[in-house]
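Participant: Below, each chain spelled out in residue letters.
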Amino acid sequence: MRAAVVGGSGFTGGELCRLVDGHPDFELVQATSREYENKTVGHAHPNLRHLDLRFSDPADLESVDVLFAATPHGVSMQHIDAFQDAADTVVDLSADFRLPEASAYDEYYDGHDRPELLADAEYALPELNRDNLPGATLIAAGGCNATASILGLLPLFEADILSGDERVVIDVKVGSSEGGASGGKAASHAERSGVVRPYAPTGHRHEAEISEYLGIDVSFTVHAVDMIRGASATCHVFPDSPVSKGDLWGAYRGSYEDEPFVRLASGGGGVYRYPEPKAVAGSNFAEVGFELDAANKRLVVFSAIDNMMKGSAGQAVHAANIAYGLDETAGLEHTGLHPVGAP
Amino acid sequence: MRAAVVGGSGFTGGELCRLVDGHPDFELVQATSREYENKTVGHAHPNLRHLDLRFSDPADLESVDVLFAATPHGVSMQHIDAFQDAADTVVDLSADFRLPEASAYDEYYDGHDRPELLADAEYALPELNRDNLPGATLIAAGGCNATASILGLLPLFEADILSGDERVVIDVKVGSSEGGASGGKAASHAERSGVVRPYAPTGHRHEAEISEYLGIDVSFTVHAVDMIRGASATCHVFPDSPVSKGDLWGAYRGSYEDEPFVRLASGGGGVYRYPEPKAVAGSNFAEVGFELDAANKRLVVFSAIDNMMKGSAGQAVHAANIAYGLDETAGLEHTGLHPVGAP
Amino acid sequence: MRAAVVGGSGFTGGELCRLVDGHPDFELVQATSREYENKTVGHAHPNLRHLDLRFSDPADLESVDVLFAATPHGVSMQHIDAFQDAADTVVDLSADFRLPEASAYDEYYDGHDRPELLADAEYALPELNRDNLPGATLIAAGGCNATASILGLLPLFEADILSGDERVVIDVKVGSSEGGASGGKAASHAERSGVVRPYAPTGHRHEAEISEYLGIDVSFTVHAVDMIRGASATCHVFPDSPVSKGDLWGAYRGSYEDEPFVRLASGGGGVYRYPEPKAVAGSNFAEVGFELDAANKRLVVFSAIDNMMKGSAGQAVHAANIAYGLDETAGLEHTGLHPVGAP
Amino acid sequence: MRAAVVGGSGFTGGELCRLVDGHPDFELVQATSREYENKTVGHAHPNLRHLDLRFSDPADLESVDVLFAATPHGVSMQHIDAFQDAADTVVDLSADFRLPEASAYDEYYDGHDRPELLADAEYALPELNRDNLPGATLIAAGGCNATASILGLLPLFEADILSGDERVVIDVKVGSSEGGASGGKAASHAERSGVVRPYAPTGHRHEAEISEYLGIDVSFTVHAVDMIRGASATCHVFPDSPVSKGDLWGAYRGSYEDEPFVRLASGGGGVYRYPEPKAVAGSNFAEVGFELDAANKRLVVFSAIDNMMKGSAGQAVHAANIAYGLDETAGLEHTGLHPVGAP
Amino acid sequence: MTECIECGADVTLHDDLEVGEIVDCATCGAELEVLGTDPVELDTAPELEEDWGE
Amino acid sequence: MTECIECGADVTLHDDLEVGEIVDCATCGAELEVLGTDPVELDTAPELEEDWGE
Ligand SMILES: NC(=O)c1ccc[n+]([C@@H]2O[C@H](COP(=O)([O-])OP(=O)(O)OC[C@H]3O[C@@H](n4cnc5c(N)ncnc54)[C@H](OP(=O)(O)O)[C@@H]3O)[C@@H](O)[C@H]2O)c1
Ligand SMILES: NC(=O)c1ccc[n+]([C@@H]2O[C@H](COP(=O)([O-])OP(=O)(O)OC[C@H]3O[C@@H](n4cnc5c(N)ncnc54)[C@H](OP(=O)(O)O)[C@@H]3O)[C@@H](O)[C@H]2O)c1
Ligand SMILES: NC(=O)c1ccc[n+]([C@@H]2O[C@H](COP(=O)([O-])OP(=O)(O)OC[C@H]3O[C@@H](n4cnc5c(N)ncnc54)[C@H](OP(=O)(O)O)[C@@H]3O)[C@@H](O)[C@H]2O)c1
Ligand SMILES: NC(=O)c1ccc[n+]([C@@H]2O[C@H](COP(=O)([O-])OP(=O)(O)OC[C@H]3O[C@@H](n4cnc5c(N)ncnc54)[C@H](OP(=O)(O)O)[C@@H]3O)[C@@H](O)[C@H]2O)c1
Ligand SMILES: [Zn+2]
Ligand SMILES: [Zn+2]
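Protein chains in written order, with my numbering: chain A, 1 to 343; chain B, 1001 to 1343; chain C, 2001 to 2343; chain D, 3001 to 3343; chain E, 4001 to 4054; chain F, 5001 to 5054.
A portion of the hints provided could be inaccurate.
If you anchor each label on the Cβ, the simulated ranges turn out as follows [unchecked claim]:
| id | chain 1 | residue 1 | chain 2 | residue 2 | range |
| --- | --- | --- | --- | --- | --- |
| 1 | B | M1001 | D | T3137 | 57 to 67 Å |
| 2 | C | G2267 | A | N38 | 16 to 26 Å |
| 3 | D | T3137 | B | P1260 | 54 to 64 Å |
| 4 | C | S2182 | B | Q1078 | 24 to 34 Å |
| 5 | C | D2217 | D | E3101 | 34 to 44 Å |
| 6 | A | S244 | E | T4037 | 26 to 36 Å |
| 7 | A | S182 | B | D1113 | 55 to 65 Å |
| 8 | D | S3182 | B | Q1084 | 48 to 58 Å |
| 9 | D | S3182 | C | P2134 | 34 to 44 Å |
Over the 10 Å line for every Cβ pair with chain C, so calculated as not near, a few chain D residues [claimed, not checked]:
| id | residue |
| --- | --- |
| 10 | H3023 |
| 11 | A3059 |
| 12 | R3114 |
Keep in mind the hints are simulated off the structure, nothing from the lab. All C-beta atoms, glycine included, are put in the ideal place defined by N, C-alpha and C.
Same shape as in the complex, but just chain A (with noise of 0.2 Å):
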């Protein structure tokens, strides 16, 4: 199958070309970018210099089965009908196309272009949506601390162990290349190394997505930390009813052990103990894991993710795979390295 990357330059961008290029099924046939035209997708991406492909506009856009944009929100919402001229699916990672709702958009964007087409839209996360996804023709992938967050929720959703009521706190750590390729003075490395920064103490965006598809309002907080990419949620859990860690057992084995991309880590030994960004770096997997604080009534849940695939390319390319029929793990077969640093 034939397939264009619109905003090849960014930083998802350039990990779906690098996935569509090894991917069995799809032929990478463009990678759009208005800076870097003509020139090698090797120019930005030194890991994909032996690419035999140029950057071209994204005003020309070639004729393909599925087209993935990762451009900046509110690109896509704008250019919508020539990605649907062009290609039969759409795989979208910005927020376009996320929420249901155009007044979610109002309340968290700036409002949306394209309203009547949120309805035909589904969100990519094959764990909270797989039977929805295939033969989907419009696709959005979630948010990556969304993606964490929702990770680490739902089997206690899925296993009536929160209703949607109780209290949640939500504590993020990231890396840097969540804020994208294009830099700016709090993201030089003289500034962002080594940081322990609250960079979104409350109101992120992401709440929205979480809201919407857990059916929860969460105390939301995001903090910068020094890894590039990443992304790692705490959340604090306390239910109305106790809970035993067999019930926790039960719950995330439940929904998790047949997913191919989830892992689960709670406790054990070794230096591993809980799941960590570290340990899904360059892979689609997710680590999901948990730890009962019974003198708090609290459950803690910890949730790692790479934000570059599962929490956006990889999740879009899986999400494809699932719409087309392919092979779930096809072309996401990378399992990350050990030993690791801040990849």
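On the provided structure of chain A, position chains B, C, D, E and F with the ligands as indicated by the hints.
Facilitator: Same frame as chain A, but now just chains B, C, D, E and F with the ligands:
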């Protein structure tokens, strides 16, 4: 005044050597180490290569005015008689004398050898306990995570915004120097770089100090992140009655306006809007700030310290200054650096 | 084909487990560890948590086609008979079979137990020794610093720009995984982060390999820097006769144009102009490039590899592919990531 | 004495503000910034939040005793009259007055506006030029890479081990603060973390300073590595006649034994055996050391500084202290930290 | 195949299992002690409380 | 005060120095073994060759 550092080859012990050596009123006459006996202090601490002092055996204590003990938990309670024989004032950095009740040691630690001395000890944190420090002869420096947490929450209690029955989640992020100089597999550079690693999901011992000194039970979780120095506490607080930003500014300015080592940072512009460890690294400053999440009836309080300074050695010297009636900031003038990495 | 990894709990052993498991023609039937016997491979290597395999004792070797030994120097020469009994082909990652002359082991190491086998061994580096690998039964993967250095300099010899009498300074920068999983004080996160640390100022053992395979004595100095994976060699070369950039391009393209795992990077635009470890991290690629310093009659050659891949496990699998007549790139398709931190 | 910092919002300007503010004999009366005019100094430099000073326009200079200019190359030569009108002594951190000959500016820079002033300027490095600093009114702080290199090689010239005709390779590794506060894509955290990146393979401008002050042409290559502060120069030196370790110790002790800011580190035990930036970070110390490679008739000299201190702001204050006859170490007492990360 | 007593997942065990051996569960990582081999009986191994420092 | 045999710098030593003790030179870091105390005689201590890995 003559000063000795027991455990001078360790991480906090090295900082004490540096601070005592640079202090206008103290003279460093002894630093102990069993492993490095007879070696120069610079052998363990390269920043002190210019010091003309060798480590000596802790069994041969010099007679001094003040003895700083920077030994692992359990050592001070065992050697306290020798310490008090050698020095008028003992400032202990371990947990051995932080809690007033022996029962707390039974619950959180492995009991206490000398419970009768607990009543003599003063908790070092001046912002909490300044009035009791002048003339104190047994001083217990607070735990680093507890110090960060207490400094964040204290104004809410002093201003009656919290009473002690509320739900408080404390999500802490710490650097690798917290583990001391001894190492181990999980502490190796390859395994520890770039992590967001849940290392104390529940039941961390510092809960005891917070509970003791603020009178509130907290839901406490600690993560290791990629920095060497620094502890950052994010407190998610749910007060019973609504508060305004004005109330909060009143509370925090009320508690800290005259404190020489607390800076407020809550919003504003630029790269550094909220407290973060980089901004205080190497200094004895704490940064404290907050944000209001009205939608969730939540306050988020951020607090950042250097665990080697405000979280241990700096706090110890600060308390000693007060105990002896010296200028509070003597020997603690270094303000930290900018730019700085993961210091 | 059935494959075993002796030393499977170590750093290069973990990479071998990953590569063998993902290889289309190999099946991972055994990974040994004395320390972690009976534990799952995922206990040591979190990225392999999904593998259904437990470590076993190296004393109980399964019968396999190929055995990879990833043990410290000295172990393979001691157990080589057992290895060869268990497997048709032995690929050793240690230095034990890299040098053809026993005398070199006397000079650079502590002698050799089985000098009579040295003549049977083939050096694994395909760019240097491809022709001798098909059918080889004892293969010695090169040292990582030697590999980086040889790849940088080889074209200068193949194009007769160097003859072996010239002065060559090699200034190497390496990551912490080079030291293996065992740790120690200098390897702790607190001491090892952010360093530029001369760790082998002179007399590094890899000089022996370079001298053996290129026929030149080099001035070799190795620095530890803050990355986990990666070895970067900067070769300062003073040829006897002037060369032009055209000569150099001719030499490097001549040697590497058809090599599946070497990419040239010499100037050009963008962020990544010359070889650097980030651009190849996680992959089996080497990047090689050069610059001319006419004023000083100097060439500067840059060469960057991932020491865990091209510098050890990847090179070993590459050589095994050639030995068995498989597709050279089988199991080594991962191209690395962008963006990526200190992987 | 009253002091002003022009370019106070930049990296070296921030350090000057910090040093001047903490200096017993200086009072910080002005810090300029066009971008941050009227904002507090703490807005740009969070470690200086407690300072009660706002940036002002460089067009409105206060009358002071000493003016430190921390502006990009070219600014001081343009505004030198205004600077000298405002202050008795001008200490410039840029390259504008480092070289005595206008021709050198034509060759290495873009020419010079005020060549007639070059003869008035004194190079700030006290270890090289102490005798000419007392009473100097125009002082040029050395380049950071040049400073590291000169400090490493100087004793070899002073002891006649080098004469100037020998081959010297200088391989430098630097942190990201060298690039200043302005940023750019290559300086972003995601692209700059974890690198070993050749950024000046050949032809670096600091060659001019080294050549001028040591009288030798050097083969100079600079790499960016993952630290914020720090410059480390490894000099590979090939003397014409053999030297012994005793000769070297004699040379280095002879040059530096009485220097307040140079420490020797050459072998010995422990983690920190040779000079490295971590050991001096935040301080005005330089560490210098060497090793003999008899087999290759080579000396390896290591030299490490903090580019923000000994490599710029600290050197500037040190020189100002000498110019005014103050205690050389006034305001420069901070000895650096241990442990410390990538400061 | 035996069930892990911590998380309930199936634990794959090797053939020559011996009483007293410690294995870890691949799902939850729990350290399990082999109490009997025929039938296989597992119990949580007394965990070495590792101090991760502070 | 005694001279370091490696670098020639003065080595400050403590009073109750004993034969066989190992001290390091503050200038060059060399490990020095005390061979005699009256007068003080120092020799390079046999260095434990520490492998920094590769
Ligand atoms: N980074 C993450 O972790 C992450 C995770 C989940 C979702 N996302 C979402 O993914 C999208 C891309 O993020 P990113 O981090 O990859 O951003 P990025 O690095 O800034 O890349 C943006 C890309 O979009 C292109 N672009 C920008 N404006 C455009 C326009 N008007 N028309 C066409 N192309 C345009 C840019 O190239 P040219 O300007 O050269 O054309 C560039 O290739 C965003 O919507 C983001 O929210 C990102
Ligand atoms: N690191 C932090 O951030 C931090 C913060 C707050 C409080 N603290 C507390 O401060 C204390 C020291 O911590 P650290 O991180 O500096 O530890 P560290 O680096 O491990 O140093 C421990 C020191 O104690 C000495 N020591 C150990 N056992 C001893 C014994 N039985 N008798 C005499 N000396 C002994 C050691 O030297 P020899 O073995 O050579 O004698 C070493 O100098 C601990 O109680 C810790 O909880 C640490
Ligand atoms: N790290 C690199 O970048 C790199 C690059 C090129 C070459 N190499 C070479 O590759 C080899 C492995 O290096 P590494 O970094 O992976 O080391 P490592 O992490 O220390 O691993 C060593 C492995 O060998 C096993 N082992 C140790 N002694 C053994 C013995 N006597 N018998 C059987 N197994 C034994 C260990 O497991 P148990 O002790 O549990 O059995 C462990 O699995 C070394 O020879 C090294 O020089 C390494
Ligand atoms: N960074 C180092 O390690 C290092 C080491 C040695 C020497 N140096 C030299 O020190 C100087 C400053 O370097 P830096 O790294 O601190 O740079 P920086 O962070 O970019 O700061 C430059 C400063 O100069 C000001 N400035 C720029 N153009 C100006 C103009 N035309 N008139 C007045 N002010 C102007 C800027 O503020 P506004 O634009 O807001 O006015 C800013 O405060 C450079 O010459 C550099 O070569 C730097
Ligand atoms: Zn289990
Ligand atoms: Zn000496």
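Participant: Now look at each hint and say whether the structure bears it out.
Facilitator: The hints, checked one at a time:
no.	hint	verdict
1	B/M1001 to D/T3137: 57 to 67 Å	violated (43 Å)
2	C/G2267 to A/N38: 16 to 26 Å	holds (18 Å)
3	D/T3137 to B/P1260: 54 to 64 Å	violated (38 Å)
4	C/S2182 to B/Q1078: 24 to 34 Å	holds (32 Å)
5	C/D2217 to D/E3101: 34 to 44 Å	holds (39 Å)
6	A/S244 to E/T4037: 26 to 36 Å	holds (29 Å)
7	A/S182 to B/D1113: 55 to 65 Å	holds (59 Å)
8	D/S3182 to B/Q1084: 48 to 58 Å	holds (56 Å)
9	D/S3182 to C/P2134: 34 to 44 Å	violated (55 Å)
10	H3023	holds (28 Å)
11	A3059	holds (36 Å)
12	R3114	holds (28 Å)
Comparing the model with each numbered hint stated earlier shows that hints 1, 3, 9 do not hold.
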